[in-house]
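My request is simple: use the sequences and hints to build the entire structure.
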Amino acid sequence: MHKLERLLRPKSIAVFGGAQAAAVVAQSIKMGFAGEIWPVHPTKDEVAGRKAYRSVADLPGAPDAAFVGVNRHLTIEVIRELAERGAGGAVCFAAGFLETEAYDEDGERLQAELVAAAGQMPIIGPNCYGLINYADGALLWPDQHGGIRLPDGGKGVAIITQSSNIAINMTMQKRGLPIAFLMTAGNQAQTGLSEMALGLIEDERVTSLGLHIEAFDSVAGFERLAARARELKKPIIAMKVGRSEQARQATVSHTASLAGSDAASGAFLKRLGIARVDSIPAFIEALKLLHITGPLPGYKLSSMSCSGGEASVMADSAEGRWVHFPALTDKHRAHVKSTLGPLVAVANPLDYHTFIWNNEPAMTATFTAMVSGGFDLNMLVLDFPRPDRCSDTDWWTTLRAFEAALKTNSAQGAIVSSLPENLPEEYTAGLMARGMVPLFGISEAMDAAQAAAFIGWAWREPEAQPVDTSASGVASGGHVTPDEAEAKARLIKAGLPVPKGERAANAVEAVISSMALGFPVALKTLGVTHKSEVGAVQLNLRDAESVSTAAHDLLPLGTGLYVERMVRDGVAELIVGFTRDPMFGAVMTLGTGGVLVELLRDSVTLMLPATRDDIEAALRGLKLYPLLEGYRGRPKADVQAAIDAIAGIAGFVQQNAGEIEELDINPLIVCAEGKGAWIADALLVLGEKKNV
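Each residue of the sequence shown is one higher than the one before, starting from 105 at the first, in the working numbering.
Keep in mind that the hints are not guaranteed to be accurate.
In silico DSSO-like pairs for lysine-lysine, Cα to Cα no more than 30 Å straight-line [said to hold, decoys possible]:
#  : residue 1 : residue 2
1  : K337      : K374
2  : K155      : K115
3  : K511      : K441
4  : K435      : K115
5  : K404      : K511
6  : K435      : K511
7  : K374      : K404
8  : K511      : K337
9  : K148      : K115
10 : K337      : K259
11 : K134      : K155
12 : K259      : K278
13 : K278      : K337
14 : K115      : K134
For each label pair, taking beta carbons as the anchor points, the in silico distance ranges come out as [stated by the list, open to error]:
#  : residue 1 : residue 2 : range
15 : P660      : P566      : 46 to 56 Å
16 : W461      : G737      : 46 to 56 Å
17 : A537      : P465      : 22 to 32 Å
By construction, these hints were calculated from the structure, which means they are not laboratory data.
Think of the CB as a built atom: it goes at the ideal place given N, C-alpha and C, for glycine as much as any other residue.
Right under this line is the structure:
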């Protein structure tokens with residue numbers, strides 16, 4: 105049994121506090137909770153019509169769950185008494201703990217005391233609203249909400265959010281999403297978001313899980329959650345905030361949680377097979393789609409509407425996404441064409457015109473023919489007329505025809521309204537019961553389809569290795585930056601592909617070294633981090649005189665010179681960078697390199713360890729990749745050598761994870777096939793007083 109079992113699905117609830125506690129009692133009664141409700145109050149004889157008890161000791165038994173809505177100091181006392189009594193768990197409503205550390209020095213101490221008082225008893229929060237169990241009618245919730253109890257045997261989604269107000273807003277949605285459980289996490293003093301999620305997905309009434317994440321509580325915890333969700337075939341959607349600096353600052357002030365970088369967070373979710381969406385409407389629609397269809401087997405969509413304008417909007421909405429509307433085969437087009445008039449141009453998305461509108465047999469024939477193409481999700485764009493001024497009688501003909509088409513082809517389908525308000529909430533349950541997912545808004549429908557398709561793809565792939573977090577934590581206060589000559593010596597010692605080079609103290613040594621290495625050479629100033637920005641590098645020096653001249657120009661800019669054999673036959677330049685993330689350890693950035701790296705912003709972020717397949721997939725996702733394949737007659741690049749080099753660099757970073765704060769390889773020059781990939785420049789930053 106999961107340690108949160110009694111708290112999540114209680115048979116008895118104890119409630120502590122004043123107005124908020126009374127609301128908890130009233131809400132559970134209103135929802136038809138069949139178990140015991142035991143208010144605790146020092147002076148009142150009853151709360152919301154239920155007998156009140158004076159203390160934990162006076163309760164008839166050890167409650168399965170408790171809502172503690174008293175001040176932060178008294179909360180600690182109540183939690184200690186509940187733990188000693190053997191309660192199943194508690195929600196801590198009070199604020200003023202670690203999330204107030206910045207302006208209240210007592211917050212950190214009180215949070216430690218709270219956790220110690222709880223001992224082995226699970227607590228949720230503090231600084232959170234708690235839990236709504238719509239499956240059993242058990243509410244540890246001190247406010248109003250907009251949800252309804254699930255019918256007996258009914259199923260729904262589970263949602264966890266780190267914001268109580270966002271949680272309330274989600275219960276107020278009119279989009280037809282059935283919710284089985286809703287939880288708020290607070291500042292996760294003892295029980296993290298991933299542990300709460302593990303407790304929820306074990307419930308057979310939960311079909312999928314939605315997480316609003318401000319910060320990850322545990323890398324290992326989320327890895328366990330993702331593995332269990334995959335095993336149970338319960339997909340997870342995440343809305344991870346923190347893309348902006350303002351959002352990251354708000355996260356810290358709200359939860360006092362350590363947040364990793366946004367790029368690393370996105371890479372982590374992708375690695376786990378958790379689909380990420382960026383808005384609350386997309387979050388709701390994706391959960392709704394997954395509740396009905398589960399993960400989609402692929403990215404192929406079809407769309408039908410009786411408007412060319414809607415067909416165009418649908419087509420444009422798929423632009424730049426993995427989900428797409430594939431062109432119809434000649435055979436399929438002919439099949440659909442045979443059901444329509446000669447004036448209809450058959451394509452995907454399909455504008456079937458109004459010639460067959462309200463003709464159920466004709467619409468059924470067309471829809472059945474279109475859906476027969478083996479698409480992963482079939483969409484019918486259908487906005488309902490407003491009922492106060494118009495009639496929607498003819499619309500049901502269209503719905504019946506689409507339903508028949510889906511059943512005939514054993515296909516998945518969705519009704520998509522271009523405007524959310526044009527799909528009445530009272531129709532959603534009936535549509536879902538008939539196997540048609542009501543999706544509100546075209547953009548949100550595309551977000552939902554892409555999320556469901558991504559999870560389907562991720563679950564077909566092998567599970568990723570656990571993330572190497574050995575370099576996680578806050579970086580040391582100081583750092584040292586070896587010059588390029590020393591950095592490259594370390595890379596050479598690790599067996600990585602670095603062009604031959606030598607340190608030179610003056611122009612004479614630079615000339616001697618260049619002659620020994622062989623022309624052409626590159627000459628660089630040591631002790632300068634971004635050389636190209638200050639003219640501290642000269643390339644393709646082809647004779648001793650040019651080396652001597654360049655040396656005299658470069659010497660005043662730094663601490664010495666570095667002469668290096670030029671890399672020839674370069675096809676493309678990559679950047680391979682590593683930074684220490686406080687949550688995820690060493691994180692790799694792979695992208696288009698060279699002097700335009702910040703301008704082009706063509707990159708992808710990977711967790712470590714990264715397999716060769718991970719690296720190759722990342723390369724293929726870059727806009728640069730066609731250049732590596734021999735774009736427009738150019739020579740093909742040595743992609744396998746590039747993968748070898750990148751994997752080797754990543755291995756070097758992992759082996760020295762405790763010491764490396766940052767490593768920036770820019771560029772990694774990828775040469776023509778058979779000629780390798782070479783580390784042309786390297787910036788290494790080490791923790792102070794540490795050695796690789």
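Each hint tested on the structure:
Simply put, K337 and K374 have alpha-carbon atoms about 17 Å apart, close enough for the 30 Å limit, and the pair holds. Proposed proximity of K155 and K115 is supported: the alpha carbons are some 17 Å apart, at most 30 Å. Of the pairs offered as hints, the one joining K511 and K441 holds, with about 21 Å between alpha carbons and a cut-off of 30 Å not exceeded. Restraint check for K435 and K115: not satisfied, since their Cα atoms lie roughly 60 Å apart, outside the 30 Å limit.
For the suggested pair K404 and K511, the alpha carbons sit about 19 Å apart, so the restraint of at most 30 Å is met. Distance check on the hinted pair: K435 and K511 sit about 22 Å apart at the alpha-carbon level, within 30 Å; holds. Pair hint K374 plus K404 holds up; C-alpha atoms about 20 Å apart against a cutoff of 30 Å. At most 30 Å may separate the alpha-carbon atoms for a hinted pair to count; K511 and K337 meet this at roughly 23 Å.
Between K148 and K115 the CA atoms are separated by roughly 24 Å; this keeps the pair inside 30 Å, and the hint holds. At roughly 15 Å between alpha-carbon atoms, K337 and K259 fall within 30 Å of each other, so this suggested pair holds. With a C-alpha separation of about 17 Å, the suggested pairing of K134 with K155 holds against the 30 Å cut-off. The suggested pairing of K259 with K278 holds, with an alpha-carbon distance near 18 Å, which does not exceed 30 Å.
A hinted pair counts as satisfied when its Cα atoms are at most 30 Å apart, and K278 with K337 qualifies at roughly 27 Å. A distance of roughly 16 Å separates the Cα atoms of K115 and K134; the hinted pair therefore holds under the 30 Å criterion. Judged by the Cβ atoms, the range 46 to 56 Å given for P660 and P566 holds: they are separated by roughly 55 Å. For W461 and G737, the Cβ-Cβ distance of about 52 Å falls inside the hinted range of 46 to 56 Å, so the restraint holds.
Remark: the range hint 22 to 32 Å for A537 to P465 is upheld by a beta-carbon distance near 24 Å.
Hint 4 from the list above is the single one not met by this structure.
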